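K.L.:
Please arrange chains B and C on chain A, whose structure you already have, making use of the hints.
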Amino acid sequence: MITTIPQNSAFKWSYRLYVTLFFIYLALPLATVCVFAFNDSVFPSLPWEGFTWAWFFGDQAPYIGVFHERPILRSVVTSGVVAFWVATLSVFVGTCNAFLFVRHEFRGKAFLYILMLLPLIIPGIILGISILVFTSNVANTLEDATGLWFDGLRPGIILVVLGQFSFITTFATLVISARLQKFDSSLEEAALNLGATQWGAIRAVTLPFLFPAMAAAAVVAILMSFENFNTTLMLVGSDAPLTITMFDRLKLGSTPVLNAVSLLLIVGSAILGLASLLLQKK
Amino acid sequence: MKSDKSKLTFWLLLSPLVIWLATLIVLPHVGMFLVSLREKVGIREYETSFANYAVFFNEPLYWNTFARTAYMSIAATLLTLFIGFPIAYYIAKLTRGRTKTTLFLMCLIPFWVSELVRTFGWMILLRETGVVSQLLQYAGLVDGPIEMLYNDAAIMTGLVYTSMLFMVVPLVTTLDSLDDSLIEAGYDLGGTSFSILREIVIPHAMPGIVSGCIVVFMLSLGNYLTPILLGGKDSLWFTGLIYSQFITRFNWELGSAFGFLLLGLSSLIVFLGLKLSGQSLSKTMAR
Amino acid sequence: MPSTPDLECRAISKSFKDFKAVRDISFSVPQGTFFSILGPSGCGKTTLLRMIAGFQEPSSGDLLIKGKSMLNVAPNKRPVSMVFQHLALFPMMSIGANVGFGLRQRGVNKSDIKKQVEQVLERVGLGGTSDRAVSSLSGGQKQRVAIARCMVLEPDVLLLDEPLGALDLKLREHMKIELKQLQSEFNTTFVYITHDQSEALVMSDQIAVMNHGVFEQVGTAKELYYEPQTAFVAGFVGEANRFHATVNTVKDGVLNLKTPEGKSLSSLDLGQGLANGNKVDVFVRPEAVRLSRIAKDVAKMGNTGTGIVENVLFNGANSQLILRDATNAASMNVALPQTGEFRDLAVGDTVHFGWAPEQTRCFAHQGN
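In order, the protein sequences belong to chains A, B and C. Its first residue numbered -13, the first sequence is counted upward by one per residue in this note's numbering. Its first residue numbered 20, the second sequence is counted upward by one per residue in this note's numbering. Its first residue numbered 263, the third sequence is counted upward by one per residue in this note's numbering.
Hints in this document: simulated from the structure, not taken from any laboratory. For clarity, every value in this text was computed on a predicted model and none was experimentally measured. Glycine included, every Cβ here is placed at the ideal spot set by N, Cα and C. Some hints here could point you the wrong way.
[Said to hold, decoys possible] Away from chain B, derived, C-beta distances all over 12 Å, residues of chain C:
hint, residue
1, ALA359
2, GLY402
3, PHE448
4, ASP606
5, PRO619
[As the list claims (entries may be wrong)] Pairs of lysine-lysine residues, derived as DSS-like cross-links and limited to a Cα-Cα distance of at most 30 Å, are as follows:
hint, chain 1, residue 1, chain 2, residue 2
6, B, LYS119, A, LYS237
7, C, LYS376, C, LYS339
8, C, LYS330, C, LYS279
9, B, LYS112, C, LYS339
10, C, LYS279, B, LYS119
11, B, LYS112, C, LYS282
12, C, LYS432, C, LYS376
If we strip away everything but chain A, and leave its shape as in the complex, we get:
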């Protein structure tokens, strides 16, 4: 039960066995994906035909590697652009929100706070369709009224950014608020006391303190943006981000090139994830 309480060894060992099996279950799909990225075969499955780097660097059909697959490279760029904007916007708004909720008292604060948390409990696909419906209606109305085209409000990269931003901001707010709450505001008062202006004090003392949390929030935002599927699916236009491109490929049948992309994603995510943990620990 706990280490200080004697337990019969059969139980202890079966418990350990269970934990081991659990971790195998966790690792199995990811390990499989990674292993078959190196299989010298056009199908990501057994039998093992030998080791190859072709699914990364190959440029001869049918062995077109990731780094020579135009559509995949393009979608990585799209994902990168989306992730950049989502991270920038959500960290900016998240920081404002953190200052607002931690430093200010106002009427309706509790209500706004609950509203701020809502995106967490709205299924992503519904977030996607509600934004789709809303922006289309706005675009229709505007086009009817002005006779101009509002392509930005039609499914496409801008809507994808807005859709992801709409719920990732909540995470950014929570991460940054948590750090701001730990800030000893007497430091800022000391800076003011030493002659700094309000904004100068924030810039010299508070923001540097907040920086690790902002960076962590940005990393989390990039991670979430890269892997988001549900919301993106409803808002995507012609420039598909990586997950959508992979999904379309997957429906058609997979080649180990998808394994290679996945392996790169796994490595990237692990690095970013660990980075965000390290940043938050600071």
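P.N.:
Frame of chain A; chains B and C shown alone:
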């Protein structure tokens, strides 16, 4: 003058929040609700009615799918709880120091990876030409290839896998805060492992259990990728219906109504879960 | 025929990797005794207590309760109960459910549980609180619930792991008396561990002073105070001035000692086989030293001296004087009697002091 300045700061801070929530959360949902109340009577002619909701209740396929999604999600939630609890307990109570950190991180890592990659992994493993099927054939346990994809068990495997983190993390956090001496006291007073689990450990872990279950249920209910890829075309998942109304059939009115029903169910479960456990949304979510 | 002791340890030891926490301790506790184990933190007393409770297995030796060996008996099957350091009351249960926990485990029927819980709560002065939450209680009340929770099971031995440590000073003083009363009322054997000597001295029938994994001395409070058998006990129980000295002569059961500065001291020979030239540590309690303004008053006390008042630490009945001995410049603490005689004593004054050889203890110097 100072108060003018701080008022200005306040409004400057408030505006991004309000713009974000109003244009991306509140108005879209209000808009979606209005659309769901629209009945198409002619080309670009609409009337307000509950016709779309009536369609849902009159078409068995729709509400069967709805009910099926709900109870499959409940099953996935319970399964995740039963599988995850012993793991969380092991990490929180039976390991220390570096082992604990490592095991905890090992739980986290798979979830930083895109859900698509995880699901892809299961597809490679479970499909007819997949790794498991072929290994079984090599081992001589089966004669021909077996299809393990496109059934409820596959959906369940994927959902449990995808949700595990959201169960294990809150459980580890709450179990960690349970003082070992309480368990020792329970033993000292003659308790057995089972009675201590029931009377001390589980009551203490209840907040974690509730928040884990709420999140897992919500995620399962709103999941699209796992049921579609692992369950195939006949997976009958409600999000699949919403997608096809929107994208394939282009019937946004009905799709919006479906969306609202799903949102309603999801919110209802969250609300009930919080009420039953006497917790607040802010405490449960802001971990 | 002597009755079987409630608790008996035979050459019990516990080692962790290369550290020996408890070394070959043997002792027995007769029924109804309040037995304390007193020692500084890290002396192994908690390990010893946890071995008795069953949360740690002895590396060697045997442990008997009412004559039955407890080795290989799980903690939940032992006839001992424990009051934990932070009490470990179950916050998820009401007071009544806490107290009834052990009875429920035994499968006692509900109405009996209710009756017994109410009775035991009555006995600790908390009748009628059964349905309240644990968090509604004060520190002292929680203490009583923790004891009631154990006592309702009628254990052969009740173990207490510094339960007063978390309380504030006033309450602690009060709880000392209350615990002692509860113990005699229930007439259960208590094994109490603490690092606070006053807790041990006030409450216990028997005290074991523990250091570095062994019992230095076992005895009543008075024995430990007046007749410490080792230098550690002399220094740890009560207060003492400590001097280094060398044995000069041994004659008629009296040791004549010399400090390095040449001051002569005399002490009773306790038959430790000290011989001329042995280095010793000399202990004398501040309250054993008599003060006077007239040298003649203390001249015949065996150990005398003249000192200059260096500091007066006024603390009511516990006031002390710090003196600087005029001959050897040693600093000395002396209890300042509050009879009014020394009320006007001030820093820089000269006083004479003395104490009897019977009040002096000396032990072979350990280490360097």
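K.L.:
For the pair supplied as a hint, LYS376(C) and LYS339(C), is the alpha-carbon distance within the 30 Å limit?
P.N.:
With Cα atoms ~23 Å apart, LYS376(C) and LYS339(C) stay inside 30 Å; holds.
K.L.:
Is the nearest Cβ of chain B still more than 12 Å from the Cβ of PRO619(C)?
P.N.:
The assertion about PRO619(C) holds, with a minimum of 49 Å to chain B.
K.L.:
Is the nearest Cβ of chain B still more than 12 Å from the Cβ of ASP606(C)?
P.N.:
54 Å, holds
K.L.:
For the pair we were handed, LYS432(C) and LYS376(C), check the Cα-Cα distance against 30 Å.
P.N.:
Judged against 30 Å, a Cα distance of about 33 Å means the pair is violated.
K.L.:
With 12 Å as the threshold, tell me whether PHE448(C) passes as away from chain B on beta-carbon distances.
P.N.:
Correct as stated: the minimum Cβ-Cβ distance to chain B is 16 Å, above 12 Å.
K.L.:
Below or equal to 30 Å on CA atoms is what counts here, so check LYS119(B) against LYS237(A).
P.N.:
Between LYS119(B) and LYS237(A) the Cα gap is close to 39 Å, so the pair fails against 30 Å, i.e. violated.
K.L.:
For GLY402(C), is the shortest beta carbon distance to chain B beyond 12 Å?
P.N.:
Fine: 19 Å to the nearest Cβ keeps GLY402(C) off the interface.
K.L.:
With a cut-off of 30 Å on the C-alpha distance, tell me whether LYS112(B) and LYS282(C) pass.
P.N.:
26 Å, holds
K.L.:
When you check the alpha-carbon spacing of LYS330(C) and LYS279(C), does it fall within 30 Å?
P.N.:
29 Å, holds
K.L.:
Compare the distance between the alpha carbons of LYS112(B) and LYS339(C) with 30 Å, and conclude whether the hinted pair is satisfied.
P.N.:
22 Å, holds
K.L.:
Is ALA359(C) truly not at the interface, in the sense that its beta carbon sits beyond 12 Å from all beta carbons of chain B?
P.N.:
With a cut-off of 12 Å, ALA359(C) comes too close to chain B, as the shortest Cβ separation is near 8 Å.
K.L.:
Check the hint pairing LYS279(C) with LYS119(B) against an upper bound of 30 Å on the C-alpha distance.
P.N.:
21 Å, holds
Comparing the model with each numbered hint stated earlier shows that hints 1, 6, 12 do not hold.
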